[in-house]
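Dock chain P against chain Y, hints included.
Number of protein chains: 2
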Amino acid sequence: MDYLDALNKRYSVKKFNAEKTVSPDALFHILEAARLSASSLGLQPYKIVIVESSEMKEKLIPAFYNPSQISTCSHLIAIVSKNDIESQYIGDYFSNISQTREVPLESLNPFKQSISNHIERLSKEEVMTWADKQCYIVLGNLMFAAALENVDTCPMEGFKQEKIDEILGLDVGIEKVAVTLAIGYRSEEDEFQNFKKVRKPTEKLFKFI
Amino acid sequence: MDYLDALNKRYSVKKFNAEKTVSPDALFHILEAARLSASSLGLQPYKIVIVESSEMKEKLIPAFYNPSQISTCSHLIAIVSKNDIESQYIGDYFSNISQTREVPLESLNPFKQSISNHIERLSKEEVMTWADKQCYIVLGNLMFAAALENVDTCPMEGFKQEKIDEILGLDVGIEKVAVTLAIGYRSEEDEFQNFKKVRKPTEKLFKFI
Numbered sequence: 013m014d015y016l017d018a019l020n021k022r023y024s025v026k027k028f029n030a031e032k033t034v035s036p037d038a039l040f041h042i043l044e045a046a047r048l049s050a051s052s053l054g055l056q057p058y059k060i061v062i063v064e065s066s067e068m069k070e071k072l073i074p075a076f077y078n079p080s081q082i083s084t085c086s087h088l089i090a091i092v093s094k095n096d097i098e099s100q101y102i103g104d105y106f107s108n109i110s111q112t113r114e115v116p117l118e119s120l121n122p123f124k125q126s127i128s129n130h131i132e133r134l135s136k137e138e139v140m141t142w143a144d145k146q147c148y149i150v151l152g153n154l155m156f157a158a159a160l161e162n163v164d165t166c167p168m169e170g171f172k173q174e175k176i177d178e179i180l181g182l183d184v185g186i187e188k189v190a191v192t193l194a195i196g197y198r199s200e201e202d203e204f205q206n207f208k209k210v211r212k213p214t215e216k217l218f219k220f221i
Numbered sequence: 013m014d015y016l017d018a019l020n021k022r023y024s025v026k027k028f029n030a031e032k033t034v035s036p037d038a039l040f041h042i043l044e045a046a047r048l049s050a051s052s053l054g055l056q057p058y059k060i061v062i063v064e065s066s067e068m069k070e071k072l073i074p075a076f077y078n079p080s081q082i083s084t085c086s087h088l089i090a091i092v093s094k095n096d097i098e099s100q101y102i103g104d105y106f107s108n109i110s111q112t113r114e115v116p117l118e119s120l121n122p123f124k125q126s127i128s129n130h131i132e133r134l135s136k137e138e139v140m141t142w143a144d145k146q147c148y149i150v151l152g153n154l155m156f157a158a159a160l161e162n163v164d165t166c167p168m169e170g171f172k173q174e175k176i177d178e179i180l181g182l183d184v185g186i187e188k189v190a191v192t193l194a195i196g197y198r199s200e201e202d203e204f205q206n207f208k209k210v211r212k213p214t215e216k217l218f219k220f221i
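Quick note, the sequences are listed as chains Y and P, same order. For the first sequence, the working numbering begins at 13 and goes up steadily by one. For the second sequence, the working numbering begins at 13 and goes up steadily by one.
Among these hints, one or two may not hold up.
For identical chains, the list gives no copy identity; a pair is met inside one copy or between any two copies.
[As the list claims (entries may be wrong)] Only pairs whose alpha carbons sit at most 27 Å apart, straight line, appear in this in silico DSS-like list of lysine-lysine:
| id | residue 1 | residue 2 |
| --- | --- | --- |
| 1 | 216 | 136 |
| 2 | 216 | 27 |
| 3 | 136 | 172 |
| 4 | 27 | 136 |
| 5 | 208 | 175 |
| 6 | 32 | 219 |
| 7 | 172 | 216 |
| 8 | 21 | 219 |
| 9 | 216 | 124 |
| 10 | 124 | 209 |
| 11 | 209 | 175 |
| 12 | 136 | 124 |
| 13 | 209 | 71 |
| 14 | 71 | 208 |
| 15 | 59 | 124 |
I should point out that these hints are in silico values taken from the structure, not numbers from a laboratory. Model, not experiment: these values are computed from the prediction.
Bound-form chain Y, shown alone:
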């Protein structure tokens, strides 16, 4: 089971080797795994910002409580959730379905109506929570794919919301950073790589009924 080896080797890197950059090929594959992530109703209520410039990483440092990863990672990935699902957004989604599957847009109307009704019934807070959760499936896929590519990662929730949204130039009010992931290669100096992984034992985590 190669993938379990890969997942066993991954850990949340505290300090990356700032000299090593993730190759465009590996990055493309990892991002493609994110693009293929499942999402509720297929709506993919997010976009993904990939910070590769050193200047921008530098700018982002004050937005994080523990910025050691930001200054040493190869790329910082911010998963940005949509807090508002406008009818235009749903319309674009159905145009995409229609084009991709070569079916008339009208034939999708019942499905479109049921999605619109469902979204309309949600409060703004419920939409935010729902969208944020979908971002965590993306986060999972990114970490899993990176592990398979031998690329190290550190997921980070510890950022100042207003600051990071502002620095990334987000359209505050309709979108926000849900979670971030630093990727790169572990520094030899990062002692955490030598610590055994701590997880609940099988009998505490699982219940079969």
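Quick look at chain P alone, frame taken from chain Y:
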């Protein structure tokens, strides 16, 4: 890139082949990927209930809005989030770290204190949202690993919260089902397997800065 092939082949199954069961080996590997999931602060604020008995699946049908997967899947996996992180829970976590890494419990006190302080500052709602999001990383890992095992999946959020929690015998108030995943093998009759996957194109999903 075999794993991208696997992710491309996966889709949310609407009807499983009720005659085919996921083997104990494949199930073990998929669950191990869930156990290895990253979580915020390493706290794994969840447990995972695997429904394998036909009787229990039958009982659960009224708890779902679209139950066609429940009656045909091999296993139904419910990821149950902890809504309350008691000091006992944090204590158990640090005992596990201490034993796994063979370090004195006392040496972990600063880390333990910082985690306790962090959790204490959160409202009950914030703990729930935070825990739920960690469950979605588990969901992502389960779907990814299942795809690699050629096991089909359908993630499902469409359940009646009180009903499913009650049927699964959860300790309501401190835990609840966050999300569920049906696994098994697609039925030949499931026409959705022939539909092209719809995802946002790269240029709409990604922004490089």
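Quick rundown of the hints versus the structure:
1. For the identical chains of this complex, residue 216 and residue 136 are inter-copy neighbours only, at 24 Å across copies versus 36 Å inside a copy, given an alpha-carbon limit of 27 Å.
2. When the C-alpha separation of residue 216 and residue 27 is checked against a cutoff of 27 Å, the pair qualifies neither within a copy, at 31 Å, nor between copies, at 31 Å.
3. Taking CA atoms no more than 27 Å apart as the test, residue 136 paired with residue 172 passes in both settings, with 21 Å inside one copy and 21 Å between copies.
4. With identical chains, the CA atoms of residue 27 and residue 136 are never at most 27 Å apart, being 37 Å at best within one copy and 33 Å at best between copies.
5. For the homomeric pair residue 208 and residue 175, neither the shortest alpha-carbon distance inside one copy (35 Å) nor that between copies (39 Å) is at most 27 Å.
6. Within a single copy, residue 32 and residue 219 get their C-alpha atoms only as close as 42 Å, which misses the 27 Å cut-off; across copies the closest is 22 Å, which meets it.
7. For the identical chains of this complex, residue 172 and residue 216 are inter-copy neighbours only, at 26 Å across copies versus 34 Å inside a copy, given an alpha-carbon limit of 27 Å.
8. With identical chains, the CA atoms of residue 21 and residue 219 are at most 27 Å apart within one copy only, with a shortest distance of 26 Å there and 29 Å across copies.
9. In this assembly of identical chains, the alpha carbons of residue 216 and residue 124 lie at most 27 Å apart only when taken from different copies (21 Å versus 42 Å within one copy).
10. Taking the closest pair of Cα atoms, residue 124 and residue 209 come within 27 Å of each other only across two copies (17 Å); inside a single copy the shortest separation is 45 Å, beyond that limit.
11. Proximity of residue 209 to residue 175 under the C-alpha cut-off of 27 Å is found in neither arrangement, the shortest distances being 33 Å within a copy and 36 Å between copies.
12. Proximity of residue 136 to residue 124 under the C-alpha cut-off of 27 Å is restricted to the intra-copy arrangement: shortest distance 20 Å within a copy versus 35 Å between copies.
13. In this homomeric assembly, residue 209 and residue 71 never come within 27 Å of each other (Cα to Cα): the closest approach is 32 Å inside a single copy and 37 Å across copies.
14. With identical chains, the CA atoms of residue 71 and residue 208 are never at most 27 Å apart, being 34 Å at best within one copy and 41 Å at best between copies.
15. Taking the shortest Cα distances, residue 59 and residue 124 sit within 27 Å of each other inside one copy (21 Å), while across copies they are farther apart (35 Å).
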